[in-house]
Amino acid sequence: MARIQSIERLTEIIGSPKPAVAKKFNDRLTPQAQAFLSRSPLAFIATVDPGGQPMVSPKGDVPGFLQVEDDRTVLLPERHGNKLVYTLRNILDNGRVAITAVVPGTGETLRIEGAAELDDDPALCARHGARGRDALLLMRIRVHRCYFHCAKSILRSDVWIPGSWPDPIAISFGREIAANRGLPECDVDSFDAGVRERYRTDL
Numbered sequence: 000m001a002r003i004q005s006i007e008r009l010t011e012i013i014g015s016p017k018p019a020v021a022k023k024f025n026d027r028l029t030p031q032a033q034a035f036l037s038r039s040p041l042a043f044i045a046t047v048d049p050g051g052q053p054m055v056s057p058k059g060d061v062p063g064f065l066q067v068e069d070d071r072t073v074l075l076p077e078r079h080g081n082k083l084v085y086t087l088r089n090i091l092d093n094g095r096v097a098i099t100a101v102v103p104g105t106g107e108t109l110r111i112e113g114a115a116e117l118d119d120d121p122a123l124c125a126r127h128g129a130r131g132r133d134a135l136l137l138m139r140i141r142v143h144r145c146y147f148h149c150a151k152s153i154l155r156s157d158v159w160i161p162g163s164w165p166d167p168i169a170i171s172f173g174r175e176i177a178a179n180r181g182l183p184e185c186d187v188d189s190f191d192a193g194v195r196e197r198y199r200t201d202l
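Residue numbering for the sequence shown follows numbering that gives the first Met the number 0, beginning at 0 and increasing consecutively.
Everything labelled a hint here was simulated from the structure, so no lab data went into it. For clarity, every value in this text was computed on a predicted model and none was experimentally measured. Each hint should be verified, as a subset may be incorrect.
[What the hints assert, rightly or not] Derived Cβ-Cβ restraints for the label pairs, each shown as a range: (1) R8 with V158: 42 to 52 Å; (2) F43 with M0: 27 to 37 Å; (3) D92 with R174: 27 to 37 Å; (4) P183 with N81: 21 to 31 Å; (5) R155 with A114: 26 to 36 Å; (6) P53 with R130: 29 to 39 Å; (7) N25 with E175: 18 to 28 Å.
[Claimed, not checked] 25 Å max Cα-Cα, derived SDA-like pairs, lysine to any residue: (8) K17 with Q4; (9) K82 with I12; (10) K151 with R139; (11) K58 with P183; (12) K82 with Q4; (13) K22 with D60; (14) K82 with F43.
The beta-carbon is built from N, C-alpha and C at its ideal position, and this holds for glycine as well.
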């Protein structure tokens, strides 16, 4: 293994960006970024735990669920989930967040970096409800940096081309938990049935 340990060696391999590339960064949401968010039904939010370990969580809802409060602020509603709330705990600890938002069929992605806080104002939660249920709370994200990421990774993956997709994978949470707790087969099936029911009734 040839371990890379210096910026100089990294630059030798990768090269340097063109000067114009650095001009794509903004400290606010441009009109184009706001339009992108209005059509995005899926995003991935990264936070950092108290020990410095980063983690990423998917967030999805109707297009536009990442709602622009103003050109420096995005609101992200929290819905019902597994109650582990790692993302929310990390925000309470240090507030550092980064988001990648996607629009189906679009190669470019939108990246937002900033600081978040939590808000459970009842009127605000009601205004940002979905499927007949209020938001549990809102993540208010102050934008420090915002920019579009080029389409190359999406194009390489063929992710928006249905003919390239593999067959769906049936994930068993019951088997994952059984591996750690020694659950009998009947409990695995029951657990997985409960997950499928919550998918149907508890979005």
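Each hint tested on the structure:
1. Distance hint for R8 and V158: a CB-CB separation of about 32 Å, inconsistent with the stated range 42 to 52 Å.
2. The supplied range of 27 to 37 Å is met by F43 and M0, whose beta-carbon atoms lie about 30 Å from each other.
3. The supplied range of 27 to 37 Å is met by D92 and R174, whose beta-carbon atoms lie about 32 Å from each other.
4. The hinted window of 21 to 31 Å between P183 and N81 holds, with their beta carbons roughly 22 Å apart.
5. Distance hint check for R155 and A114: the Cβ-Cβ separation is about 32 Å, which falls inside the suggested range of 26 to 36 Å.
6. Taken as a hint, the range 29 to 39 Å holds for the pair P53 and R130, whose Cβ atoms sit roughly 30 Å apart.
7. A C-beta distance of roughly 41 Å is found between N25 and E175, which places it outside the suggested range of 18 to 28 Å.
8. Among the hinted pairs, K17 with Q4 is consistent with the structure: their alpha-carbon atoms are about 23 Å apart, no more than 25 Å.
9. For the given pair, K82 sits about 44 Å from I12 by alpha-carbon distance, which is inconsistent with the 25 Å threshold.
10. Using a Cα cut-off of 25 Å, the hinted pair K151 and R139 is violated, with the two alpha carbons roughly 30 Å apart.
11. The suggested pairing of K58 with P183 is violated, with an alpha-carbon distance near 32 Å, which exceeds 25 Å.
12. Pair hint K82 plus Q4 does not hold up; C-alpha atoms about 40 Å apart against a cutoff of 25 Å.
13. As the CA atoms of K22 and D60 are separated by approximately 31 Å, the hinted pair breaks the 25 Å bound.
14. Between K82 and F43 the CA atoms are separated by roughly 18 Å; this keeps the pair inside 25 Å, and the hint holds.
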